[in-house]
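Asker: In case you want the letters, here they are:
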Amino acid sequence: MKIAVCVKYVPDAQADPRFAADHTTDRAGVEGHLSELDEYAVEEALKISEAQGDSTVTVVTVGPGQAADAVRKALQMGADAGVHVVDDAVHGSDALATSLVLAKALGKLEYDLVLTGMASTDGVMGVVPAMLAERLGLPQVTYAGSLEVSGGTVRIQREGDTSTEVVEAPLPAVVSVTDQINDPRYPSFKGIMAAKKKPVQTWSLADLGVAADEVGASAAWSVVDGITARPPRQAGEIVTDEGDGGQKLVAFLAGAKLV
Amino acid sequence: MSQILVLVDHVEGSVRKTTTELLTIARRFGEPAAVFIGPGYDQAASTLAEFGATTVYQVDGVVDDYLVLAKAEALAAVVEAAGGAGALGGILITSTPEGKEIAGRLAVKLSSGIITDAVDVQAGPDGAPTTRQGVFAGSFVVTARVTKGVPIITVKPNSAAPEPSPVTAPTVTPVPVTPSSLATASKIVERRPKAKSGRPDLSEAAYIVSGGRGTNGDFTAVEAFADALGAAVGASRAAVDAGWYPHSTQVGQTGKQVSPQLYVAAGISGAIQHRAGMQTSKTIVAVNKDREAPIFELADFGVVGDLFAVLPQATEEVLKRKG
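In order, the protein sequences belong to chains A and B. The opening position of the first sequence corresponds to residue 4 in this note's numbering, with each subsequent residue numbered one higher. The opening position of the second sequence corresponds to residue 95 in this note's numbering, with each subsequent residue numbered one higher.
Treat the hints with care, as some may be off.
To be verified - When the alpha-carbon atoms are kept at most 25 Å apart in a straight line, the in silico BS3-like pairs for lysine-lysine are as follows: (1) B:K414 / A:K260; (2) A:K111 / B:K111; (3) A:K107 / A:K260; (4) A:K260 / B:K288; (5) A:K5 / B:K281; (6) A:K260 / B:K376; (7) B:K414 / A:K107; (8) B:K203 / A:K260; (9) B:K416 / A:K107.
Rather than coming from a laboratory, the hints here were simulated on the basis of the structure. Since the structure is predicted, the reported quantities are computational estimates derived from the model, not experimental observations.
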């Protein structure tokens with residue numbers, strides 16, 4: 004079975020985010036890594052590959068030069084090969100353009116299953132899996148909390164607010180997974196050494212047949228007019244419970260007209 | 095005035111509050127037109143008219159057993175019935191995981207821009223909608239607008255106070271839809287209903303009381319305080335990962351992002367993953383044994399103490415005040 008996993012390189016959530024003059028995230032000097040939510044997709048791909056045998060796992064990313072780190076991490080976890088689409092024209096792309104580039108990159112690969120995380124940890128829109136399925140003309144099965152593949156069918160369970168749903172789709176399909184699905188492995192020393200020899204292809208937009216004016220900030224179908232830091236919350240009153248903490252809490256709520 | 099399509103969020107005709115919020119927002123820059131998919135329109139009709147829907151597009155056809163593509167196709171058919179994307183002033187959808195996916199697919203279908211998770215939508219200088227939304231765990235506020243096609247905007251619950259604007263006789267336009275074979279390829283084969291808690295829905299609740307690691311798996315004090323306040327119950331990722339509370343109640347970056355009037359965090363340290371889901375709450379109250387817990391940096395009021403002592407006393411006090 005051939006599995007493609009789409010992953011994103013994201014800035015460290017602990018770092019103070021900054022924005023460049025063009026309103027994109029300023030990545031200069033900011034540590035980044037494979038989006039945590041994508042580790043679950045990589046892990047699930049590896050589990051399927053190990054269970055089925057005779058399988059390959061290819062990770063695909065679109066991002067700047069540093070995004071090679073995200074591919075490397077997935078290879079260290081055990082993925083077999085990597086694809087990194089890197090092109091200056093991609094800078095500032097919206098989710099629509101990102102999904103276009105990913106779809107074109109997947110178009111050059113063979114796959115039975117496309118796995119993704121449920122959202123990136125930086126943008127957190129959670130729309131790329133659906134857009135990707137739309138562009139590829141594939142069935143979409145999202146927010147998988149567990150997943151089985153057998154006989155050309157993928158079957159997942161997902162947790163809704165009012166019910167647990169079991170969903171089936173024929174392969175090939177685009178499937179996004181949640182952080183409930185597994186516990187991603189840490190790369191082993193052996194895995195780290197082996198990753199150095201694994202093939203990584205670097206593609207430009209020209210390699211994919213995507214015109215530079217189809218992507219990037221100038222082609223985005225929405226525009227950011229301004230970004231302001233949320234004013235820090237005013238420090239509140241902190242009391243230590245001396246047997247009356249509950250009463251003080253309710254007195255505060257009453258003062259704020261909340262009870 | 096151009097029509098603004100509002101996708102109605104309902105459970106068998108019982109219209110959710112988020113839809114009345116969207117109808118209220120739509121009136122700021124156009125004429126609200128409700129898109130009703132699924133059974134139960136007769137029950138929904140009065141609410142949609144009360145909140146200003148001058149037109150209702152009623153989608154005929156079975157789409158409920160399928161995933162978002164069938165709904166995205168239905169909306170695309172409604173757009174056509176309404177005169178095409180160029181005739182519309184916007185499309186508003188509730189910012190749920192499903193709503194965002196419908197919006198994403200529709201954006202590709204209509205070659206239109208999309209903005210998700212708006213917390214405010216207003217008419218801009220040219221009359222087109224401009225949005226505000228939080229980014230990076232709500233630490234920044236972005237203003238944005240769609241520049242191509244019809245603006246497709248998903249709006250978070252509690253982004254507006256619903257205001258009635260009754261319409262006496264909305265125009266009801268049936269739109270027949272047959273889902274494509276691709277839309278019916280992914281199918282819900284089984285639904286296992288969850289036990290109802292009887293508490294308010296987490297994403298819409300005005301008050302939320304959440305428990306974390308500090309509960310040690312015992313949510314009785316959290317639930318009792320929530321019930322005294324009429325609040326929904328939430329949980330931190332630590333509590334969910336430990337199996338103490340269901341994933342559907344998780345508040346945080348990978349769970350629900352909530353913005354209630356009152357958020358009470360009990361036994362929750364306030365890791366960035368949790369803060370990303372609740373720091374835009376209007377009033378935040380924290381109860382934690384550890385004075386150094388980062389949650390106190392956000393709290394309007396904090397009690398350093400044992401939640402198993404503080405919450406029961408607070409519960410008793412609330413009940414006493416309510417008489």
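Asker: If a hint holds in the structure, say so; if it does not, say that too.
Answerer: Cross-check of the supplied hints:
Straight-line distance between C-alpha atoms of B:K414 and A:K260 comes to about 16 Å, which keeps the hinted pair within the 25 Å bound. The straight-line distance between the Cα atoms of A:K111 and B:K111 is roughly 45 Å, outside the 25 Å bound, and the hint therefore fails. Taken as a hint, the A:K107 and A:K260 pair is broken in the structure, with Cα atoms around 56 Å apart against an allowance of 25 Å. Restraint check for A:K260 and B:K288: not satisfied, since their Cα atoms lie roughly 34 Å apart, outside the 25 Å limit.
With a C-alpha separation of about 23 Å, the suggested pairing of A:K5 with B:K281 holds against the 25 Å cut-off. In summary, the hint linking A:K260 to B:K376 is supported, as the alpha carbons are separated by about 13 Å, within the 25 Å threshold. At most 25 Å may separate the alpha-carbon atoms for a hinted pair to count; B:K414 and A:K107 exceed this at roughly 64 Å. Restraint check: the Cα-Cα separation between B:K203 and A:K260 comes to about 47 Å, which exceeds 25 Å; the hinted pair is violated.
This hinted pair does not check out: B:K416 and A:K107 have alpha carbons roughly 62 Å apart, beyond 25 Å.
Hint compliance for this structure: hints 2, 3, 4, 7, 8 and 9 are not met, and every other hint is.
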